Structure formats: structure tokens, C-alpha cells
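Asker: Just so it is clear: in the first sequence, position 185 is 186 by our numbering, and no numbers are missing.
In case anyone wonders, no lab produced these hints; they're calculated from the structure.
Owing to the predicted nature of the structure, the values given are computational and were not obtained by experimental measurement.
Possibly wrong hints are sitting among the right ones.
Stated by the list, open to error - Under the rule of at most 16 Å between Cα atoms (straight-line distance), these lysine to aspartate or glutamate pairs were calculated in the EDC-like manner:
#: 1; residue 1: K270; residue 2: E280
#: 2; residue 1: K88; residue 2: E192
#: 3; residue 1: K428; residue 2: D441
#: 4; residue 1: K201; residue 2: D139
#: 5; residue 1: K13; residue 2: E249
#: 6; residue 1: K403; residue 2: E451
#: 7; residue 1: K23; residue 2: D35
#: 8; residue 1: K270; residue 2: E451
#: 9; residue 1: K403; residue 2: D418
#: 10; residue 1: K176; residue 2: D196
#: 11; residue 1: K13; residue 2: E348
#: 12; residue 1: K186; residue 2: E95
#: 13; residue 1: K270; residue 2: E438
#: 14; residue 1: K74; residue 2: E249
#: 15; residue 1: K124; residue 2: D35
#: 16; residue 1: K74; residue 2: D120
#: 17; residue 1: K201; residue 2: D191
#: 18; residue 1: K132; residue 2: D110
#: 19; residue 1: K114; residue 2: D72
#: 20; residue 1: K160; residue 2: D139
#: 21; residue 1: K186; residue 2: D85
#: 22; residue 1: K151; residue 2: E249
#: 23; residue 1: K74; residue 2: D85
#: 24; residue 1: K189; residue 2: D73
#: 25; residue 1: K428; residue 2: E438
#: 26; residue 1: K132; residue 2: D35
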Amino acid sequence: MLRIYNTLTNKKEEFVPIEPGKVKMYVCGMTVYDLCHIGHARVLVVFDMVTRFLRSSGYDVTYIRNITDIDDKIIQRANENAEDFTKLTGRFIEAMHEDAAALNILPPDDEPKATAYMDDIIKMVSDLIDKGFAYAGDNGDVYYAIDQFKTYGKLSGKKLEDLRAGERVAVDTNKKDPLDFVLWKAAKPDEPSWDSPWGKGRPGWHIECSAMSTCCLGNHFDIHGGGQDLQFPHHENEIAQSEAATGEKFVNVWMHNGFVRIDDEKMSKSLGNFFTIREVLKQYRAEEVRYFILASHYRSPLNYADSLLDSAQSALARLYTSLRGMDIKSGDLDDESVSRFNDAMNEDFNTAEALAVLFDLANKINKSRNDEPEDAIKYASTLKNLAGILGLLEDNPDEFLKSAAGGDISDDSKEIDSLVNERIQAKQDKNWQRADEIRDQLHAMGVELEDNGQQTSWRRV
RNA sequence: GGCGGAAUAGCAAAGUGGCUAUGCAGUGGAUUGCAAAUCCAUCUACCUCGGUUCGACUCCGGGUUCCGCCUCCA
Numbered sequence: 002m003l004r005i006y007n008t009l010t011n012k013k014e015e016f017v018p019i020e021p022g023k024v025k026m027y028v029c030g031m032t033v034y035d036l037c038h039i040g041h042a043r044v045l046v047v048f049d050m051v052t053r054f055l056r057s058s059g060y061d062v063t064y065i066r067n068i069t070d071i072d073d074k075i076i077q078r079a080n081e082n083a084e085d086f087t088k089l090t091g092r093f094i095e096a097m098h099e100d101a102a103a104l105n106i107l108p109p110d111d112e113p114k115a116t117a118y119m120d121d122i123i124k125m126v127s128d129l130i131d132k133g134f135a136y137a138g139d140n141g142d143v144y145y146a147i148d149q150f151k152t153y154g155k156l157s158g159k160k161l162e163d164l165r166a167g168e169r170v171a172v173d174t175n176k177k178d179p180l181d182f183v184l185w186k187a188a189k190p191d192e193p194s195w196d197s198p199w200g201k202g203r204p205g206w207h208i209e210c211s212a213m214s215t216c217c218l219g220n221h222f223d224i225h226g227g228g229q230d231l232q233f234p235h236h237e238n239e240i241a242q243s244e245a246a247t248g249e250k251f252v253n254v255w256m257h258n259g260f261v262r263i264d265d266e267k268m269s270k271s272l273g274n275f276f277t278i279r280e281v282l283k284q285y286r287a288e289e290v291r292y293f294i295l296a297s298h299y300r301s302p303l304n305y306a307d308s309l310l311d312s313a314q315s316a317l318a319r320l321y322t323s324l325r326g327m328d329i330k331s332g333d334l335d336d337e338s339v340s341r342f343n344d345a346m347n348e349d350f351n352t353a354e355a356l357a358v359l360f361d362l363a364n365k366i367n368k369s370r371n372d373e374p375e376d377a378i379k380y381a382s383t384l385k386n387l388a389g390i391l392g393l394l395e396d397n398p399d400e401f402l403k404s405a406a407g408g409d410i411s412d413d414s415k416e417i418d419s420l421v422n423e424r425i426q427a428k429q430d431k432n433w434q435r436a437d438e439i440r441d442q443l444h445a446m447g448v449e450l451e452d453n454g455q456q457t458s459w460r461r462v
């Protein structure tokens with residue numbers, strides 16, 4: 002039985018799909034005006050893990066992750082570059098897909114772009130006006146009238162009077178209430194715009210997600226995810242828009258992942274303290290980044306530090322080393338490990354606990370590989386199978402251990418192999434001095450040797 | 001100020017009313033020509049003050065500290 006922490010109720014709840022056996026999930030994706038950073042990587046990895054686990058549990062999952070390809074920052078950045086905004090967004094969408102592929106993120110079932118849903122967005126804004134939840138200002142903007150939606154604040158636990166007391170909402174004389182938010186923005190000269198009943202303009206950010214999620218998944222769906230910072234106001238506003246427009250409940254379960262931090266401070270573009278995914282991938286293998294993210298619970302804060310990525314590297318090397326040389330067969334699995342793994346994952350996706358099961362399996366493989374090879378193969382199959390649910394250990398072990406971070410830098414594998422062979426000969430000749438010389442030389446190249454009887458294998462460290 | 005989250009060994013990170021989490025690092029041993037890998041053993045824990053209890057890191061209450069949201073943000 003799967004239990005998920007629901008931000009809407011602030012507790013773990015048994016997951017009951019709307020339609021038996023099916024899960025419809027929408028996750029807020031990127032605003033594509035720049036490269037993805039490690040914080041984005043966390044959203045990608047976390048909801049990829051959720052999707053994989055749900056599928057492995059037998060659910061038919063429809064996973065939608067949108068792309069925001071029109072907003073203030075995109076327009077601003079395109080102006081700075083003196084290029085068409087679609088050229089800018091196209092470039093960063095491509096970059097995002099490359100980063101996601103590197104991190105072994107399965108493509109979502111659909112990846113709607115806001116600009117492709119203009120008709121639906123305009124329709125939803127019109128509906129909201131018709132139903133009295135929205136109004137057009139004199140300046141051509143359309144606003145959502147927050148006091149018309151009685152349960153506003155239920156997701157974020159905010160009260161309207163507290164929000165008003167905050168005094169952080171900019172005063173806009175076109176709004177009836179300072180807390181009202183924009184659904185449709187009138188275009189300024191030279192801005193990209195779309196025709197609408199209120200004149201040329203473009204959608205506000207929140208309405209895009211309401212329209213796209215409803216179009217792709219229907220009025221009422223199972224899971225809506227995103228980063229913690231989207232809880233308010235973005236997701237709060239989505240609820241207000243969608244439930245007012247359709248008259249139905251919007252989403253059953255709201256999932257929010259915690260932030261990546263640098264020195265205990267949120268990593269964000271506005272703070273400028275971020276590392277892009279591709280920067281990090283110059284130094285570390287993508288799977289190490291994935292492991293690093295999955296090693297802590299998805300709702301916890303996650304500090305980014307080189308030492309933690311180094312630790313992830315060693316941990317993955319241990320797992321891959323246990324699989325090296327094992328003839329993996331599908332079929333017979335270790336039931337106890339499988340149920341421990343599933344129990345952990347069913348308890349709000351406890352990936353840290355699930356990883357502990359993988360390490361126990363590695364230990365069992367190592368213990369049994371010489372004396373009980375059949376058992377070892379069973380444990381290895383189990384390890385490979387369970388790790389696959391987390392999107393880990395899918396490489397060939399030997400290739401992973403020999404691969405270098407940063408991708409296809411100068412390939413010196415042939416040189417390494419020939420040195421290793423020379424050393425094997427030296428060892429046979431009991432020429433220990435030459436053998437150690439070669440080992441030191443390889444060590445300086447970042448290569449660690451492992452003698453195993455007559456065999457010698459190597460890996461990069 | 002309002003709301004929410006968190007404090008676990010050197011680092012990171014799960015979890016539980018009494019029973020070894022796990023990984024990285026350290027120490028001792030086995031193994032090895034010496035290493036590495038591996039195995040075995042082992043050192044470091046549960047912010048603080050009270051309360052409940054036969055027994056609390058785990059439950060309850062009060063502190064302290066940190067973080068997030070309240071404005072664009074994954």
C-alpha cells in the first residue's frame with residue numbers, strides 16, 4: 002500500500018487513484034530562459050523516480066511535465082540577446098532535454114508548451130470572467146478576484162488577512178484587491194502577443210499550468226508536483242483557477258520536493274548561487290548526481306557539496322563492483338529484499354531506505370560469489386532489478402567503472418590496457434619492482450588496479 | 001510579524017517506545033608479493049530542559065538554533 006505525503010492535508014495518506022490502476026500526474030517543469038541547475042535536476046530526478054516506481058507497482062501512469070515558454074524573463078532575455086523569443090526558448094529546451102537524458106530521466110508522456118495552448122488558456126480566462134471569478138482592468142490586464150474563491154489559501158495554509166498584513170504585494174491600482182493576481186497581461190509595444198477578447202497580450206504564469214494540466218489530464222487528476230517554492234502562490238492559484246473554472250476538485254495529492262542548497266542557503270537563479278547541470282557533469286558522472294539526489298528523502302533539504310558527490314562516487318563504485326562479472330538473469334529474485342525495497346518506497350518514496358537495501362544486496366553478492374554462485378546471481382539480479390526502479394545501475398559495470406567523468410575526454414583506455422598487460426607479465430616474472438612502477442604510473446593517471454588471482458581489473462577513481 | 005519544515009555519530013542520511021540502519025571516512029584483523037577490491041570486527045549518535053513510562057533518540061510540553069514560503073523562482 003502506497004502512502005504519499007500530501008501538502009494539501011500536511012500528512013501522509015494512502016494513495017487511492019481516481020481510476021483504479023491508473024495515475025495521472027502533472028509536474029511543473031522549467032521556464033526555459035536559461036540552463037537547468039542542480040535544483041532543476043532534483044525535480045527531474047524525483048518525479049522520474051516517482052513515475053518509475055508507480056509503473057513498477059503496476060500503475061498505468063500518464064506523466065505530464067510542462068514547459069513555460071513565454072514569460073517576463075524570457076522576453077527580457079530575448080531582448081537582451083536581440084533574438085526572437087522562440088529561438089531562445091528552442092535553444093534552452095534542447096539543452097534541457099540533453100541534461101535530462103544524461104541524468105537518465107525518462108521522457109514524460111507529454112511535454113506541453115504554454116504557447117501551444119493559447120486557445121485553451123484564453124477559454125479558461127473567459128470562463129472565469131463569465132463565472133464572476135475574474136475581471137478585466139482598464140489597462141487590458143485580466144485579474145483573478147481572490148475573494149470570490151472561498152477556500153483560497155488551503156494549500157499553503159495562508160490566511161488572506163496575513164497576506165495583506167505582509168505589505169509585500171506591490172500596489173496596482175487596476176486591481177480591486179492587492180492580492181488579486183494576473184491571468185492575462187496586456188502586451189506592451191514590441192512584446193510577443195496573442196489576440197484575445199481583451200486585446201493583444203499574453204497569459205500569466207499560473208493560468209498556463211491550469212489550462213495545460215486540464216487539457217492533458219482532465220478536470221480532476223491524481224498527483225500534481227513541483228518544487229516547494231511553487232506551493233505559494235503558483236499552486237494555490239492553480240487550484241483557485243481550475244476549481245473555479247470547472248466546478249470540480251482539481252487535484253487529489255500535491256507533492257513538493259525540497260530544495261537544493263549551497264551552504265545552507267537555497268540554490269536559485271535570483272541568488273546567483275547555482276551550479277548548472279552541465280557544469281557539474283564536467284566533474285562528475287551523471288549517475289553520481291542522480292545517486293546524490295536519491296540518497297536523501299525528496300522532501301528534505303539537500304546541501305550541494307563536492308564532498309557529497311565524491312561520496313556518491315564511492316558508493317556507486319561499491320554497487321557496480323559487486324555486479325562486475327556477474328551473469329545477470331531475469332527471473333529469480335530475492336523476495337525478502339524486494340519486499341523491503343517496496344515497503345520503503347511505499348512509505349512516501351523513502352529512497353534512502355531503498356538504497357540501504359541495495360547495499361545489503363551488494364554485501365550478500367560479495368559474500369556468496371565464491372562459494373554459492375547461484376545465490377550470488379540471484380542477489381545480483383535482484384540488485385540490478387531494484388536499482389533499475391530508481392534509474393540506477395543500468396550501465397555495464399565494467400564500462401561504468403572504467404568511464405571518466407565529463408564524457409568523452411581523451412580515450413586512454415588502450416594505453417591503460419597495455420600497461421595492465423605489461424604488469425601482469427611482470428607479476429608472472431615476479432618482477433615486483435616493475436609491477437609496482439606500472440601501478441604507480443597508472444595511479445597517477447587516476448586508475449586503480451585490482452588484482453584478482455591471475456586477473457587484473459581496473460577502474461577510474 | 002504570519003504559516004510551514006528541520007535538529008541523529010568525523011561527513012551525509014534513514015528509522016524505531018526496549019532488538020546492528022545504510023554509505024563515505026577512521027581503526028584492528030583476514031586476504032594479497034605489496035596494494036586495491038572484498039570479508040570480519042570496531043570507534044564515534046540521536047539540540048536543550050521538563051513530563052509520561054518498567055523503559056524515550058523515538059510520545060507530550062517549554063526553550064534554543066537553523067531553513068523555507070509570505071515577491072519571480074524547481
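Asker: Next, verify each hint and record whether it holds.
Answerer: Hints versus structure:
1. A C-alpha spacing of about 15 Å is found between K270 and E280, which places the hinted pair at or below 16 Å, so the restraint holds.
2. A hinted pair counts as satisfied when its Cα atoms are at most 16 Å apart, and K88 with E192 qualifies at roughly 15 Å.
3. In summary, the hint linking K428 to D441 is supported, as the alpha carbons are separated by about 14 Å, within the 16 Å threshold.
4. For the hint pairing K201 with D139, the CA-to-CA distance comes to about 14 Å; that is within 16 Å, so the pair holds.
5. About 23 Å separates the Cα atoms of K13 and E249, which puts this hinted pair outside 16 Å; it is violated.
6. Distance hint between K403 and E451 is fulfilled; the C-alpha atoms sit about 12 Å from each other, no more than 16 Å.
7. This hinted pair does not check out: K23 and D35 have alpha carbons roughly 34 Å apart, beyond 16 Å.
8. Restraint check: the Cα-Cα separation between K270 and E451 comes to about 44 Å, which exceeds 16 Å; the hinted pair is violated.
9. This hinted pair checks out: K403 and D418 have alpha carbons roughly 11 Å apart, not beyond 16 Å.
10. A distance of roughly 22 Å separates the Cα atoms of K176 and D196; the hinted pair therefore is violated under the 16 Å criterion.
11. A distance of roughly 9 Å separates the Cα atoms of K13 and E348; the hinted pair therefore holds under the 16 Å criterion.
12. Of the pairs offered as hints, the one joining K186 and E95 is violated, with about 27 Å between alpha carbons and a cut-off of 16 Å exceeded.
13. Restraint check for K270 and E438: not satisfied, since their Cα atoms lie roughly 48 Å apart, outside the 16 Å limit.
14. Note on K74 and E249: the hinted pairing is violated, with a Cα-Cα distance of about 33 Å set against a maximum of 16 Å.
15. For the proposed pair K124 and D35, the alpha carbon gap of about 30 Å is over 16 Å, so the pair is violated.
16. Taking the CA atoms of K74 and D120, the gap is about 22 Å. The hint is violated against a cut of 16 Å.
17. For the hint pairing K201 with D191, the CA-to-CA distance comes to about 11 Å; that is within 16 Å, so the pair holds.
18. Restraint check: the Cα-Cα separation between K132 and D110 comes to about 32 Å, which exceeds 16 Å; the hinted pair is violated.
19. The hinted pair formed by K114 and D72 meets the criterion: a straight-line CA distance of about 12 Å does not exceed 16 Å.
20. As the CA atoms of K160 and D139 are separated by approximately 28 Å, the hinted pair breaks the 16 Å bound.
21. Only pairs whose Cα atoms come within 16 Å are accepted, and K186 paired with D85 is rejected, the gap being roughly 19 Å.
22. At most 16 Å may separate the alpha-carbon atoms for a hinted pair to count; K151 and E249 meet this at roughly 14 Å.
23. With a CA separation close to 13 Å, the supplied pair K74 and D85 stays within the 16 Å bound.
24. Taking the CA atoms of K189 and D73, the gap is about 11 Å. The hint holds against a cut of 16 Å.
25. Of the supplied pair hints, the one linking K428 and E438 holds, its CA atoms being roughly 11 Å apart against a limit of 16 Å.
26. Between K132 and D35 the CA atoms are separated by roughly 37 Å; this puts the pair beyond 16 Å, and the hint is violated.
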